[in-house]
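Q: The hints should help you fit chain B onto chain A, whose structure is shown.
Line by line, the protein sequences are chains A and B.
Quick note: the first sequence uses numbering that gives the first Met the number 0, first residue 0, plus one each step.
Quick note: the second sequence uses numbering that gives the first Met the number 0, first residue 0, plus one each step.
By construction, these hints were calculated from the structure, which means they are not laboratory data.
Careful: at least some of the hints might be erroneous.
Said to hold, decoys possible - Facing chain B, a subset of chain A residues (Cβ under 10 angstroms, in silico): (1) 10; (2) 24; (3) 28; (4) 110; (5) 121; (6) 124.
Ideal Cβ placement from N, Cα and C applies to all residues, glycine included.
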Amino acid sequence: MSIRLFRIDERLLHGQVVVGWGERLGLDYYVVVDDDLAASDWEQELYMGGLPDGASAYFLTEEEAARRFRTLEERAGRGALLTRTTAAMRRLAEAGVLEGRAVHVGCLGAAPGRHRVLDYVYLNPEEAADLRALASLVGTLEARDLPSAPAVGLDRMVGESGA
Amino acid sequence: MTGSVVGVVVAHDGVAAALVRAVERISGVEGALREVSNEGCSPEELRGRLEEAAGDGPALLFVDLASGSCAFAARQVARPRPNLAVVTGASLPMLLDFVFHREMELEALAERVADKGRVATRVHLPTAPESDVDPTVPHR
Chain A
0 MSIRLFRIDE RLLHGQVVVG WGERLGLDYY VVVDDDLAAS DWEQELYMGG
50 LPDGASAYFL TEEEAARRFR TLEERAGRGA LLTRTTAAMR RLAEAGVLEG
100 RAVHVGCLGA APGRHRVLDY VYLNPEEAAD LRALASLVGT LEARDLPSAP
150 AVGLDRMVGE SGA
Chain B
0 MTGSVVGVVV AHDGVAAALV RAVERISGVE GALREVSNEG CSPEELRGRL
50 EEAAGDGPAL LFVDLASGSC AFAARQVARP RPNLAVVTGA SLPMLLDFVF
100 HREMELEALA ERVADKGRVA TRVHLPTAPE SDVDPTVPHR
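One chain only, chain A, in its complex shape:
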């Protein structure tokens, strides 16, 4: 299992991921699962600019990620799988590839319709429902922005989302 981190984070490849988690876990590849980004070369280039030297990234649709998951897991190195949305991670789990895995929620910022759960997690009712469903499909589901921060359990996340 070379994928060490499964993270829902709407900022995708940003500092907390490639520095905070990447340095701590020794990550050298990132699987970014987002249908829109997989179709946008210029945005992929933008995100690639944030990778540390020697690291690589795959930009995949949800369908590609589910289909290629085993192959990605078998490659050398240490990887992270990122989705921009709770719904995308939920669909990956429903495809049967995340069984027993530890998934966490990183940055989901303030936006219309969302309620504050933590400083770095805001959820709307649909996202809270996604997380409840996701929790039953994976090993653990917690919120955690950085490795040094305490993990926050699902009950607190969805219990305080107003959903």
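A: Chain B in isolation, oriented as in the chain A frame:
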């Protein structure tokens, strides 16, 4: 490109506010720079804050890091706009120069302030302790 260029500093946490405040305190020029923080907001929200701060006229977006959420938002906002430019590595030297040259043409101004930031980075290596100095070698 005509008219004063608006400067927008977009950065993590409270960095933008601190930079803008410091520029105003040092230069005495107020209102030339606007601040945007990525704190607690979604990428969509951040783009909205940036668009509002930049306005419709020519603007230069100063970003703290060359990559990450602030840089992505700035590049995405600027991409369809011919009167927006992005400079990364925002620093006091480039911002201090910017506030006195806002009448310049946007592209030339962007190159100018980026150069100010580059040349402001210098290395001063530690000097040898006095005991290590060879007394037989005369000072020049």
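Q: Please write out, lowest number first, the hints stated earlier that are contradicted by the structure.
A: 2, 3, 6
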